[in-house]
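In this note's numbering, each residue's number is its place in the sequence shown (first place is 1) plus 530.
Among the hints, erroneous ones may be present.
Unchecked claim - Cβ-Cβ distance ranges computed for the label pairs, FRET-style:
(1) Ile563 x Gly699: 21 to 29 Å
(2) Leu544 x Phe642: 23 to 31 Å
(3) Asp598 x Phe718: 30 to 38 Å
(4) Ala548 x Asn570: 27 to 35 Å
(5) Gln696 x Asp598: 25 to 33 Å
(6) Asn570 x Val700: 32 to 40 Å
(7) Arg622 x Ile690: 25 to 33 Å
(8) Phe718 x Ala614: 30 to 38 Å
(9) Leu685 x Arg646: 32 to 40 Å
(10) Ser672 x Leu567: 43 to 51 Å
(11) Phe691 x Ile563: 26 to 34 Å
(12) Arg619 x Gln697: 16 to 24 Å
Simulated from the structure, these hints should not be mistaken for laboratory data.
All values reported here derive from a predicted model rather than from experimental measurement.
The beta-carbon is built from N, C-alpha and C at its ideal position, and this holds for glycine as well.
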Amino acid sequence: MSNQTPGRVITNKLITPAIILGGFVALIWLLEIIDTLLLNQSLNRLGIWPRHLIGLRGILFMPFLHGDLGHVAANTFPFLFLGAIVMLRSVRDFVIVTLTTMLFSGIVLWLFGNERAIYIGASGLVFGYFGFLLLRSYFDRSVQSIAIALVIFLLYGGLIFGLFPQQPGVSWGAHLSGFVGGALAAWFIARSRPGRSPIIDAPDFQHLPTEPEDNVADQIHIL
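Kindly produce the complete structure, drawing on both the sequences and the hints.
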């Protein structure tokens, strides 16, 4: 029989999410500090370079690379807050949403992005978590999911405007593809949860079938 108090159990359950989120953000800050102080932002060439094979590596590296320390600071709190809410139900959900968003957004950018630009930044993940939390309420139809979606929309509803073209150098396409990636993760998680089917899984649908050179990539798109 366990002698742990309820408070100790809650604390233990929070340790893993804190380590994951804290480690992710710490790595982003560490890389940007090194890149800014020592490498003259040369790490940014590891971002997504559309339609160049070498640019595929950016699917993995893009969320960890930023234009400057201010760019990192702007992404840090929404990443921590929305990521923590995603992780409320399980670490598994967080991992699925993160990987789905990175892959979907990264592939879309690589296929359709500006081939004279390199894409960097973690806001694609921020929009992925945002999309997941909003669309999860649609697929789950649970009171908890709907309540969370309402709170998230009240706090971060302004992110919706980031899904459309605004200022030059900021990739709305990365935001939109990140949002869609999060929505896909919400559908997948709802579909795979025992005893619950996503709303769109209706009978009508069940039977439907070399390094980039400085003078080549002349833009950095921040996310």
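Status of each hint after checking the structure:
A hinted range of 21 to 29 Å for the beta carbons of Ile563 and Gly699 is consistent with their spacing of about 22 Å. With their beta carbons about 39 Å apart, Leu544 and Phe642 fall outside the hinted range of 23 to 31 Å. Evaluation of the 30 to 38 Å hint for Asp598 and Phe718 yields a pass: the beta carbon distance comes to about 35 Å. For the hinted restraint 27 to 35 Å between Ala548 and Asn570, the CB-CB distance of approximately 33 Å keeps it satisfied.
The hint said 25 to 33 Å for the Cβ distance between Gln696 and Asp598, and at roughly 19 Å that hint is violated. Range check, Asn570 to Val700: Cβ separation about 22 Å, and the 32 to 40 Å hint is violated. In this structure the supplied range 25 to 33 Å holds for Arg622 paired with Ile690, their Cβ-Cβ distance being about 28 Å. In this structure the supplied range 30 to 38 Å is violated for Phe718 paired with Ala614, their Cβ-Cβ distance being about 21 Å.
Between Leu685 and Arg646 the Cβ separation comes to about 36 Å, which falls inside the hinted range of 32 to 40 Å. For Ser672 and Leu567, the Cβ-Cβ distance of about 47 Å falls inside the hinted range of 43 to 51 Å, so the restraint holds. At about 30 Å, the CB distance of Phe691 to Ile563 agrees with the hint of 26 to 34 Å. Taking the beta carbon of each, Arg619 and Gln697 are about 35 Å apart, not inside 16 to 24 Å as hinted.
Going down the numbered hints, you'll see the structure goes against 2, 5, 6, 8, 12, while the others check out.
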